[in-house]
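Novice: Residue numbers (the working numbering), protein chains in the order written: chain Z, 278 to 448; chain A, 19 to 671; chain D, 22 to 517; chain X, 1007 to 1110.
There may be inaccurate statements among the hints.
Distance windows between CB atoms, simulated [as the list claims (entries may be wrong)]: (1) Z:A381 x A:Y650: 49 to 59 Å; (2) A:V37 x D:Y89: 49 to 59 Å; (3) D:L70 x A:S245: 39 to 49 Å.
For the record, the hints were derived by calculation from the structure and aren't laboratory data. Glycine residues also receive a C-beta, built at the ideal position from the N, C-alpha and C atoms.
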Amino acid sequence: MTASQIIFYLISAFILSMGVLSVTSRKIFRSAIWLLFSLIGIAALYFWMDVQFIAAVQIVVYVGGIVVLIIFSIFLTQQSGKEMPKAPLLRTIAGALAVLFGFAFTFLLIDQYGFPAIDQPFDNDVARIGNAMLNTEQGGYALPFEVVSILLLAAMVGCIVIALKTKPEEK
Amino acid sequence: MNYSSYIALIPLLPLAAFVLLGLFGRKYFNQSAGIIATMLLLVAAGLSLYTAYQYFFVNGKVGDAYQSITAVKYTWLTFSENVSIDMGILLDPISVMMLVVVTFVSLMVHIFSLGYMKGEERFATYYAFLGLFTFSMLGLVVSSNLFQIYMFWELVGASSYLLIGYYFQKPSAVAASKKAFIVTRFADLGFLIGILILAFYGESLDFNTIIHNLTTQQSSQFLAITSASFLGVSALTWGLVMVFMGGAGKSAMFPLHIWLPDAMEGPTPVSALIHAATMVVAGVFLVARLFPVFSINSDALTVVTIIGVTSALFAAIIACTQTDIKRVLAYSTMSQIGYMMFALGVSGYGGENARLTDSVGQGLGYTASMFHLFTHAFFKSLLFLGAGAVIHLVHSNEMKDMGGLRKLMPITHISFLIACLAIAGIWPFAGFFSKEEILLAAYNKSMVVYVIALLTSGLTAFYMFRLYFSIFWNKEAAVHDHHHGEGTLSMKLPLILLAVCSVAAGFIHFGNYVSSDGTALASEFHLSFAAAPLALGIGGILLAMWLYKTANDKPERLATALGGLYKAAYKKFYIDELYLFITKKLVFNLIGRPAAWIDKNIIDGLMNGIAAATGWISNLIKTLQSGKVQNYLLYFFGGIAALVIIFIYIWKP
Amino acid sequence: MNLSLLLILPLVFSLLVLVVKGQQQVRSVALAAAVAQLGLSIYLLIQFLGERAVNNAAYLFELDHSWYHALKIHYHVGVDGISVAMILLTSFVVLAGVLVSWKQEKLYKEFFFLLLFLSLGAYGFFLSLDVFLMFFFLEVAVIPKFLLIGIWGSGKKEYSALKLALMLMAGSALVFVGLAGLFFNSNVDGEHTFDIVKLAANPLAGDLQRFFFPFAFIGFGIFTALFPFHTWVPDGHSSAPTAASMFLAGISMKLGGYGCLRVATWLMPDAAQHYSTIIIVLACIAILYGAFATMMQTDLKYINAYSSVSHCGFVLLGIGMLTKTSINGAVLQMVSHGLMTALFFAVIGMIYDRTHTRQVSQLGGLLKVMPFISSVFVIAGLCSLGLPGLSGFVAEMTVFMGSWQRAGAFYHTATIVACASIVVTAVYILRAVGSSIMGPIKNNEHLSLSDAGWHEKTAAVVLLAGILIMGIAPFWLTDLINPGTEVLMQKIGSIK
Amino acid sequence: MSDIPISHILFVSTALFFIGMYGLFTRRNMITMLMAIELILNSVNINFVVFNKYLYPDKLDGIFFTIFIVTIAAAEAAVAIAIIINLYRSHKSIDVEDATDMKY
């Protein structure tokens, strides 16, 4: 068992446990924090796979942005201490069964499918990504880049419109 | 010898009367309807007498047998190549005889109704229906096709329905007409099935062809019909019995007689025409028409005889106890027709192989029956018209309201007496000769039938003279003073004419005109044989005189002495109640109501059930859209899982 | 003679009715339409008889244009003896229908438009020789019925209208399955076709026929009150307004019968023979069961509706027996029952307009008050119980003779069962006549009722003329229909 | 890093994916459902990166996919939270059981 294997198993265990806790904890604020740790675990996994740029993005956007946003929304919508209501038993069982069945099934599929082990080095430094990002020839992602930016703009406008739609008497 | 020039006129003239008076009667001819109808019928009667003269005396006889001439014939409705209804006029001894009888009696009734029905609001419609009836009766008599006779058979039934229900304001008249039509319709069902059987095996609907096909032993149709059998009885017997059932229904024979007494609800001249002389003998005529086929099948003939004899005896017994004079006459008609039926039943066919010692042929029954039909028409219609005159005077049907009317109504009294003597079978009058021939024919065939017939003739004499004495003698006339006498001349003339006929008809040597195979039938007259019925007749008269000549309590004491039998006879042996029970309880409650209930609840319920089921299912599906997002997720995931499994494992393209 | 004229006329007039203003003009336009249509049908009859004498092709005056090429649907119209008889029947009944609803105030414009549109559906159905075109006109006729009953009806009209429409729709759905089966399995010189004549020339394979026949037969059977599917008839007819119930009972039940004959039996003869026992059993049940159920009804319209179920049982019996005479009888019964039931509904409508009640127990002694209407009622009653001289007798006797011709104890017993219905019919008709027309007057305000107006008299006379012509001289009608049935019988062959 | 078979990493990402699914199924609070969605998106990212790194090292498609997913996830979270706040305003609770107006 090499050091990296151990590290990998540690990280994945960490991610999964944090995920389970985030999904099952009764307190909403605590579940947000578990989510935070789980995302950090994933970033660690990226680092382990030494795709640093993705890890950085992961940390900046997910951990920095989205989780913070979620925490803000928690404060806005309810007292963080209160217990969250339990889902109806039937649905929990059904959910659990569905999930287990899904996991087992995919596990089986992945297991059966012999992935070829290619050990070529994976050059993914930021420059190459940057070039590809704005490159317009074959394999370039200029178009998706522009589309995504429009999407983000639309999302921002949307959020503002939705969130700000306060009727005068309601204020 | 072409009859077709005028023969078709005989049935069509009354039809013209019907159409004319039916459509325009109420508005234009309300008063003169009677005259028009009577004139038209007079012409028809004249024509039929002329035809009779032509047929019997001038050219009907070829060789020594009267031919059956088909005067007119054209196809009316084709079913298949050789089976088609074609309207035609067939002239042979019985149909010409019937032509004369029907037109003459109808003329008498028309004349009588001029006086009797004067002042009725629907006077024109009355004569229209009389015209329709006479047309359909004449059509029935001369028809040459089995289906044509069925058509006129139904028309006769319908016109009798209309005439019985003439006083439609009276619920009893409406019920009586409905009962008459339904019972005869039930019998017609049998007749129709009989026709279908005979037509299917006889492969034709024309009388001559059917009779030829089914009587020649070696013909393919004969073999087919006798070989085919259903429940052990040969198809020929089935066919004939079914046809006889139709006849029995129309002639009010034993099981299907319940409608005749109630049919007295109609005006009396109608009863005189329909329920005495014409319609009720249609059954006898039908059996006579198909007699050659009947004669080769002994089972059918036995059925006819049994039904005939039972009806004769049964009706005579009931007649002795009835108090309504029209009901007495109705039962007496039924009894006399019973005579005619069993006369046919005991008759053989043709005259050659005379079995009896002297040369009286086997076909005596047939001639006797027709002769009795001929004479019966006259004196029975006379009786009814006489009763009509009496009712017209007394305005009630019950015997107890009558008595001692001989001085007030001399002509009616004399004519009624003549008719009673005739029907009782006293020597000079017509009834004696025809009944004696029937008794002779019965004597030849079977002793049992002869004895019963003899007994019934005694009973007939008794109840007729019971009726006569209670109307004209018994107690003094209790009629209120301002009565309008015996009625106009138009009511008296028919009585006189019919009385003359009741006497004269007896002396006609019927044998050499009407016989089963057309050849003359020598029927000698045996004084010794005639003694027995004559004695019984006179005995009956004396008994009636003894009981009813003067008002006394002997009849009541006799009635209590007889006790149960008298009561049962008075109640018509409870057959009406039996029929009512069957129709009301069994048919209506056990078949009609459940049928309607099943239709409403089960089948209709089924349809509404389907509608409700769709509603329920759609409700069920509706709850899937529960609005809960997570349920949708679950269904969504379930769908994906299913698709994945199918496309990976099951679906092998 | 251009057959499309028979279709254009009602279409134009129905549109004209929408344009014209005022009840007076609307009803006179409708009357003109009906009279013109009657004239046209009689002209068609004369032309047809003339043409038939000359050329004995199965179908005369054929017109065939491709209507929807992609699906090979053709506007193929043609006429044979049977369709001429049915067209005559339709024109008689529609004329009587228009005349009877002369005093129709409520939404008279739409009423007459729907009536004429309905008659267009019927004419189209009888004319068409393309199975899809038949289906098209069948559908054209269903919606107006729903509207006529739903809006102008009486009693629980919405329920009955909905029930009628749904059951007829179910029927046409089944018919469509039958058509599709015929179309996709037909290979007339290589490709599919809807054309009846071609389909009849080369029928489907035996088992295919056995599969698709029930669809077509039951589908059309629902229109002709086939036994288990007849429950729309009593409700539908009794809640419909007079003219609609006349059309419904008179013509739309004949669409089914004609369809059963033309599409089910002729195009799939082996299957018809195969299923004939079941059809006969259902028909006999319908006849007797319908008659007994009628006995128990107290509402005049229900009596006539149930009796239509029983009479249409004869049509199915005639078709089920598959002999030449019985099919002749079936067609005769369709024509005679059409006229007779239209007359009965017309008279019941007249009585209802005056006394505002159809309950037999409340009516009484009308003969004194309304002599004309009551005598027409009695005549219609006598016709429906099969009095000779009227059309009922001719039709029923032909069916009985035809069904008896088929040898075999089962067929004979079936005929006897059918014959037994003439007694039961007599019972319920006479009960209805006895208690509502004859007998003492039950309530006194009936005394002041008026007799029939001119329009009602003409309507009754038109239908009576039809009944009497057919009853007194049926040979012209049988000669008209015979060649048509012979063409049908060539396929059925084995049964004589 | 060299001797870990790719399938193990995929097991991890699948596990994470189904944990997110479980959260989505059973959580009644909309925000927690949002978190579950984030988990699912991250598991997908892991897959992309792993496939890119181990199966197609010469191309960068996986990476770019992940980048775009991340951006869209951010936008999606923002819109989702806006909706949740709006819902909170009208229904006074963000429990998914109460928001059942969109039903039959």
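Novice: When the hints from earlier in the document are held up against this structure, which numbers fail?
Specialist: 1
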